[in-house]
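*Asks:* Using the sequences and the hints, build the whole thing.
Number of protein chains: 4
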Amino acid sequence: MILELNKNTSESLVNEIAQKHEAIVVNETNAYVLITPSKLKTSLPEYKQYIIKEVAVPDDIQLASKLYRSEKREIKIADHLIIGGNTHNTVMITGPCSVESEEQITQAAELCVKLGVKVLRAGAYKPRTSPYSFQGMGIEGLRLLDKMRNQYGLKIISEVRDSTHVQDIIDHVDIIQIGAKAMYDHGILRAAGKSGKPVLLKRGFGTTLQEFVQSAEFILSGGNPNVILCERGIRTFETKTRFTLDLCGVSFLKEYTNLPVILDPSHAIGYAYGVPDLTRACIAMGIDGLLIETHPNPKVAKSDAAQQLNFEEFTALYKSVDTVAKAVGYKIV
Amino acid sequence: MILELNKNTSESLVNEIAQKHEAIVVNETNAYVLITPSKLKTSLPEYKQYIIKEVAVPDDIQLASKLYRSEKREIKIADHLIIGGNTHNTVMITGPCSVESEEQITQAAELCVKLGVKVLRAGAYKPRTSPYSFQGMGIEGLRLLDKMRNQYGLKIISEVRDSTHVQDIIDHVDIIQIGAKAMYDHGILRAAGKSGKPVLLKRGFGTTLQEFVQSAEFILSGGNPNVILCERGIRTFETKTRFTLDLCGVSFLKEYTNLPVILDPSHAIGYAYGVPDLTRACIAMGIDGLLIETHPNPKVAKSDAAQQLNFEEFTALYKSVDTVAKAVGYKIV
Amino acid sequence: MILELNKNTSESLVNEIAQKHEAIVVNETNAYVLITPSKLKTSLPEYKQYIIKEVAVPDDIQLASKLYRSEKREIKIADHLIIGGNTHNTVMITGPCSVESEEQITQAAELCVKLGVKVLRAGAYKPRTSPYSFQGMGIEGLRLLDKMRNQYGLKIISEVRDSTHVQDIIDHVDIIQIGAKAMYDHGILRAAGKSGKPVLLKRGFGTTLQEFVQSAEFILSGGNPNVILCERGIRTFETKTRFTLDLCGVSFLKEYTNLPVILDPSHAIGYAYGVPDLTRACIAMGIDGLLIETHPNPKVAKSDAAQQLNFEEFTALYKSVDTVAKAVGYKIV
Amino acid sequence: MILELNKNTSESLVNEIAQKHEAIVVNETNAYVLITPSKLKTSLPEYKQYIIKEVAVPDDIQLASKLYRSEKREIKIADHLIIGGNTHNTVMITGPCSVESEEQITQAAELCVKLGVKVLRAGAYKPRTSPYSFQGMGIEGLRLLDKMRNQYGLKIISEVRDSTHVQDIIDHVDIIQIGAKAMYDHGILRAAGKSGKPVLLKRGFGTTLQEFVQSAEFILSGGNPNVILCERGIRTFETKTRFTLDLCGVSFLKEYTNLPVILDPSHAIGYAYGVPDLTRACIAMGIDGLLIETHPNPKVAKSDAAQQLNFEEFTALYKSVDTVAKAVGYKIV
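Chains as they are written, first to last, in my numbering: chain A, -7 to 325; chain B, -7 to 325; chain C, -7 to 325; chain D, -7 to 325.
Hints are supplied without guarantee of correctness; some may be wrong.
[Unchecked claim] What follows is a list of derived Cβ distance ranges for each label pair: (1) V105/B / D51/C: 32 to 42 Å; (2) V292/A / E8/D: 22 to 32 Å; (3) D51/D / R135/B: 51 to 61 Å; (4) V292/D / G188/A: 15 to 25 Å.
If you are wondering where the hints come from, they were derived from the structure by calculation, not from laboratory data. The C-beta atom is built at its ideal place from N, Cα and C for all residues, glycine as well.
*Replies:* See the structure below:
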């Protein structure tokens, strides 16, 4: 259950109610928002005079639920770059899997500038399966991304792999990306909850939609309302493709949650050949953004070589997406 | 390996080669096509003078492979209704899950006529999970579908549930549908292989892409080249939606096979709310057709009540699909 | 809901009730058993005088439910070979994947005789994925199995692949096996329902436990009470093994259904190396039987070469199973 | 590739080779062990005089591979409590899901003492799906576990949820448990690699066997050879049980890796009714240990209430396991 109490409520009463009902308190500008375990479903008439709003939800999807807030949340990435709400914007985000060198990330940044893409993605800490593979450039990679922001005016998104560098990521990016393998990590979720920056939360490949949204609840109830969900493919029995992009799940998220949704078709299929068709399919769902991997020379990429588009392929794709977005009432930003 | 032998080859030699290499023979107009188990990979120089074409494939995807025929197969549903090849047509197919009564199917047929939809779908033999649920009207249902064809000029597609009525389906429909639970059935596949009618083969919900295309090989190698693949959602760990529509798999099928692909978003998500968004996503993939369930009154439907659109919802959807198709160079037929 | 009506009830009344409540009627020796769609949950006081028993079940698991019959069903394979009930017997069934020749099947039969195994398994109609692979010896294979029965006194189990030969299987075997790819086939399920012979129903690799038991309901409600469930591995994301043996599912079946359960570890793992350990694990669950694939020379087997044990491996395994069975209060028969 | 260099090799040469081949170095008592990315497969004759052993492996399973060390690793939990190697010991570990109070954990400890169980399990930091559920007692819980060690002589295992408390866990436990949701976390894996304590690494529910063993490689190559793998159920389409225990996977791990394997049937099925049968099945596989959840009063448990055995159930189970272990040549310790 979610209780919104007005600001006339004394802090001691807020704390008393919170303690009694095991609630988490979010201190918003216009209200104290208390979220109790979802098993509490009955109203609390004894506090009637303080209650602005009282919403019982059927399960642990609470702040993210349309039952609580029916309109989609608006997320400001930059003053002139807003998604969600009523914007009907689909933000294009592109760049290489990993920062590999200044030359490589500069080429990617220049492609963005040339085409008008406003957000650059690249990993500095790579969540690799094997200890014997390239693990990312670390803080050095983040500094190169800072340079791209300063030099080209691009916004930056990069991924937290584990808690040891979560603060570095928060300090250096414009959108904090929490990866598919880190999205259950309470330490990371709580750190993201304390930051005010937009957070792109990726769905784990073995994660149900219920758990996915519950991970978002950790950030939302931590005080950060700027959460974007990212579907990037789930693991199924099918092995001809790397993962299975779950667009049925995207329908569910759009229907039942108030969070913007960004899609990552590159990781889903894992092969460059399918990225253009899938990207257009994603856009036709009416979504808030896309993450597409591009690399100046995918063949020599240190990670995810098979799925990155080269610049020519990405350029061709990018030129085709506007009409698809328009066909469903959206525009690419 | 696939061998095409010219028509000057004597039948006895054809049979001799076939026997020696355990090959299946398809007698086409311009060639004898012999398909051996895919482990045979070396050429057969001793028959050089008869061989038109010789293709070694890496696995048991043979006649369906782009390595054998790189262009997409063209399928004629009616004289003026062709999909695949270079048509860039996306055929819309709609109708109720099951034929329930003359009144109900007539309403569906009239909706098709009103909107310009040319193919009517409805089940007569329902593959139900429970013996205690409605099992379909059987042959009586097929007769009602015949009536719709005669009265409204619609083409008819209906599903084979099991071998006991496969001939009835073949006799009464324009497109033979082999359902997700029947798609491994050799008896049905062979019967479909002997018919010249277009066959829509649904992917089983637990079926890999490899096995799916191999099922198509049973029909193709049985002598029927008119096979359409239909992705309708696979079973994954996610239960908020009925199944998971596998568009990554569709990318694979488009890249590696020469068979047209039709998508069924209704069965995939299992809930009407998501069908419009998913339908537009499917179209944006650049596909050959769609199966969408509609019902004059979904609430009283005897099967699949939750996922069928009512006529108003379908009409609104139908009006939105043309611009999406155009955005990717296709048109709805 | 299940209603048992006493035999004094007139047939016309039975039919009237059945029609009114869309029930299937099973005519048993001591009662008419009517099974209605499970949505009917309220009792029918108007027929009070005829009702012996009235059981409302929560879902479409009805005749198989412990709520209806709490004791495990007893299945007689031969006069002196009974499983289920209170027997605590675990029947060992072994033999090759396919009948390949008289010599091969005779060797398998002789191994059974030598070790004391009483039931011989072998496929005559193979449900292959590819049309270009060995499809089984067909009726010729069944005749060889007949010969083994006559010559060695073994009981025979063999699999129905599709409806076209269901009657041949029913005529030639002692236990009708319905395979994982055929277990949704209404035609086969109904034919098995009309036969009185024991039926071993395999779970499809993409089939939920709910659907699996519902398939059994087709046979049970068709009048054949002798249904054995067979878990043989489900398809998951894991590909190092062929399938994933679902022993949690076996726990569920033992807890909630009254049907005996036989396990097939050979198909589950797909590799001979794991069969001995898995077989012993299965036995330690307390189960009614095992299907283990053995072949005189697995390397040259025409199907499933990787997973068949050779005779030495099977003999070693067979010698180890008795003490495991005893440790859980069962005995190998 | 793995290279073992003798201790006469100069450190500078070790570092030179490591750098040249992107190798990780483990400094063992008798050798420098260098592990290169597995793509390196050719031998290095130029260092012939220093090389003790040189093993090329086909994939990124290296130190854990039987190709490198064919005998199962021996892990010492206490002076008189050893598993793996040639011990044929199956260690029983039990206790509640979470430490909830001193009274509760004392009851659990006393049950262990009474039955002769030597290792007590209980969580202090719970990896919960919802931020609105009980999150564990934290450091206070660890202190209570210390008390149990001191008072009852039990060994303690407890789980790391995230990096923020990894050092607390390492300091307070005898076996470091890395949970299913944390097993990709490089920060935690590296911290565990630096510790010399035994590590129980749980398989993620969406994790392939390949990735699972690769996670173990992070710890092994970090210098800690004491890694135990724990299978606890994977996520599949089946929802009647919480997860699906993957015993086929256990066969694979036993066949191809040199790491001991412990099983957790409680989390796999998620319901107490199935735990006894599954436990006996696990033991019959021939394994190195078991994690079984017990609680003095499962109905009031703050987490995992459905799957914990009460003391009477656990006692009955415990009395049945010895004969099963003996039947496969193992003994319960």
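*Asks:* Just pull the numbers of the violated hints for me, sorted ascending.
*Replies:* Hint 4 is the one this structure does not satisfy, whereas the remaining hints hold.
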